[in-house]
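Engineer: For the protein sequence lines, the chains are A and B, in the order given.
Under our numbering, the residues of the first sequence are numbered 1 to 261, in order.
Under our numbering, the residues of the second sequence are numbered 1001 to 1203, in order.
There may be inaccurate statements among the hints.
With a straight-line Cα cutoff of 20 angstroms, these simulated EDC-like cross-link-like pairs (lysine to aspartate or glutamate) come out [as the list claims (entries may be wrong)]:
hint: 1; chain 1: B; residue 1: LYS1026; chain 2: A; residue 2: GLU213
hint: 2; chain 1: A; residue 1: LYS154; chain 2: A; residue 2: GLU213
hint: 3; chain 1: A; residue 1: LYS154; chain 2: B; residue 2: GLU1034
hint: 4; chain 1: A; residue 1: LYS154; chain 2: B; residue 2: ASP1121
hint: 5; chain 1: A; residue 1: LYS154; chain 2: A; residue 2: ASP240
The hints are simulated quantities; they were obtained by calculation from the structure and are not laboratory data.
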Amino acid sequence: MSRGERGQGALWSGLAPVRPDAPLLALDARLRILALGAFALVAVGLGHWPPLLATLLLASALALAAALPLRATLKALLVLDGFMLAALLLLPFTLPGTPLFTLFGLPASVEGLHRALLIALKANAVLLAALALVGSLETVALGHALHHLRLPDKLVQLFLFSVRYLDLIQREYARLRLAMRARAFVPRSNLHTWRSYGYLFGMLLVRALARAERIQAAMRCRGFDGHYHHFRHPPAGAHDLQFALLFGATLGALLAWELLV
Amino acid sequence: MHIVDGILSPPVLLVGSGLTLLGVAKGLRALDAEQTPKAALLCALLFVASLVHVPVGPSSAHLMLLGLAGLLLGWVVFPVLLIVLTLQALLFGFGGITSLGVNTLNMAVPALLAARLCGGDALCATTPRGAVVRGALAGGGAILLAACLVALSLGLSGGEFWLAGQLAVVANLPVILLEGALTAAAVLLLHRVQPSALVLRLH
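Chain B on its own, in the form it takes in the complex (with noise of 0.2 angstroms):
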């Protein structure tokens, strides 16, 4: 899901990257200094995630875990996902470093419109059954919008890139169903264990 240099247009870096530096700064005022601990463990959670591989169908999968990052920390999944790529970046190779913006855009989105959807204080006050349905639906509508905002920022750099992101998107329709599971049991074990975590206040 990660879209190198080289390949995206101008308009498409300047408005992904304007934007990315808005949910930044709005991600910023929301976290309050004393639960920077948090936030940033919760960040090295989502990095360690994302080095894990998942067998699906033939094939493996890393995790991305975009819909519980959203449940649990809101619009500080901008700074924290910005984070997390920069982080891939320079040390992997993962990404670009001029497509940083776009790239942050593009999963912090829909993380936090799953958290907005599925979660809050309606997560935490519904059935076992609920959660589980709730936490699918974010994990696995995640990475579907994730993967069409991807799909979006290639097609418009250029026609010829169309077809790239449909198959992105085709591609990732297993990794869905992965990350919908996966959400889900992660979703049901907070919500038995610790529900106070699914209303995560970080201000």
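So that you can see chain A by itself, here it is in the shape it has in the complex (with noise of 0.2 angstroms):
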């Protein structure tokens, strides 16, 4: 797993900006995430070549105002095109319109690769965005802002306890899977390399079932009431209202566009 062997914080603290004071580090996480969210929404539901382009254009502003490193946000988004790579070759076959070309006697439709297009266009937006917005906040921080947009308060801390564990299983995966290289153990495809990963987790699940319990009594112990103390959030400043005029107004902007074309 060479992802974990980069060391501790890379892996769960999202992409760490280049600059720590791009001027995006500075807004309000809970306005982040509702700017994601209407975002999001707006790049799904347009249909139209140029403000789609926009949206792209628009998330590209916001991953340089948030300072991404170029290279991991690249490739988040190689990672992303992968993904629906199959998906979107399929269309232009499977869409029925004005024939563009053969392909071992199968047409592929002029329609069918502007859907697809429109598609990697928004997914890839979408995704800009998602990085650029929230991902770049830290997860303990995420974590608060949820609790003051009113997310159920068990949820909150489920997610809290779990990016605190995060480091602590891979850490945990990584000394079980030390143990069986050390065995001389070459993962393969076979039934004997599945059945040692089945182990493997096995293992890791009653590791983990025993550090639940000590965690439970310890926090017994200390009367934990099912509430825990969340960090004060200024009230949102000047430059947040900034923000969310000037967002809002570009998303407006672009569904009228839409609307238009």
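Take each chain as given, in its own frame, and dock them per the hints.
Structural biologist: Structure follows, in structure tokens:
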């Protein structure tokens, strides 16, 4: 697992911004979450070229404003495009319409190609905005913001606890995996490998459950009553309001453009 | 198995998100506050598992452990998978934002069904051989059902996506074998070492 070996922090905090003083990072976390929701809905709702290209530009501007690291961001986008490649490549052949070219006797339609490109634009724009607006947040800050957005306490706690344990489980996994390597285990495509991984995760579970018991006992001993203290968030400031107005107006303009095209 | 933004039609998105909302609410009600660390540790485990690639045939697949998740979490699998998928989307760009609800539903329902059909007290009381069979059915069956639900969500969003959906099912056939064998081994180990874990009560 090469990702985990990059070390602590790199994996669990999303894409660390290049400059900590980037303008977007000063914005209220709640506002960033709401902005992403609005952006995603608008982008997915658009159906024409020009406004969609504009959303991609807007998302790129957000990424710049959040000072996202270029390489890691491009890598995430590539992963996304890899995910949907198969579905998109099929579209020209499955969506009937004006034939563009034929492959092995199958006609590819202009409409299908058009549709596939639109989907690719939407997915990339939303992901880029997600990485810029919310992915750049520290995961703990995200949890606290979700609390202030009135999400159920239990869900927020589950989120915060999970984020806390990611690194722990990851290390435990690495340790067990190392023990297997010390016994000359090399993963191959066979039943032995699959069974060995099964035992590995079974053992990981046993250890996780034992740890859960200890944590529970420790929390009970401190009188945990189902609530935690959350950081107080300062009320949204003037620049938050400015961003909200500007961003809202931009999204509104995009929707208007969509209706006019 | 993740569906990205921009593919699903509004009705599919709305119905999927609505059902996920209900499932998450039910899962949170089922979760006792004291059991939060246990659920969170399992959530972290599922996330770590999703980064592990295991060779299957000439290629490799990342683990999902849906069957195992269902057996150990019950309804709590809904909020847990929602968190796993949210983290995956925000940290790595796997999946989408608007499709979070549908993606959660597609994975949580099979996990829950696997648990209902193969898990519970019967799994705890069965022989080791029985545990292997039930584990394999839960692990493999959950993946098969999840792939079918993905195909269904795609197909309902537009006839032009049916083929892609069918391909998704076919592409996941080897993964069914992998997850079946893997879950069987994990369940066998739990059955031997800590059978109480298999009737894990989160409430």
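Engineer: Take the C-alpha atoms of A:LYS154 and B:ASP1121, compute the straight-line distance between them, and say whether it is at most 20 angstroms.
Structural biologist: 27 angstroms, violated
Engineer: Can you confirm whether the C-alpha distance between A:LYS154 and A:ASP240 stays at or below 20 angstroms?
Structural biologist: With Cα atoms ~28 angstroms apart, A:LYS154 and A:ASP240 exceed 20 angstroms; violated.
Engineer: Check whether the Cα positions of B:LYS1026 and A:GLU213 lie no farther apart than 20 angstroms.
Structural biologist: Violated - the C-alpha atoms of A:GLU213 and B:LYS1026 are around 24 angstroms apart, more than 20 angstroms.
Engineer: Hint check: A:LYS154 vs A:GLU213, CA-CA at most 20 angstroms. Holds or violated?
Structural biologist: 18 angstroms, holds
Engineer: For the pair supplied as a hint, A:LYS154 and B:GLU1034, confirm whether the alpha-carbon distance does not exceed 20 angstroms.
Structural biologist: Given pair A:LYS154, B:GLU1034 holds - Cα atoms ~10 angstroms apart, limit 20 angstroms.
Of the numbered hints listed earlier, those contradicted by the structure are 1, 4 and 5.
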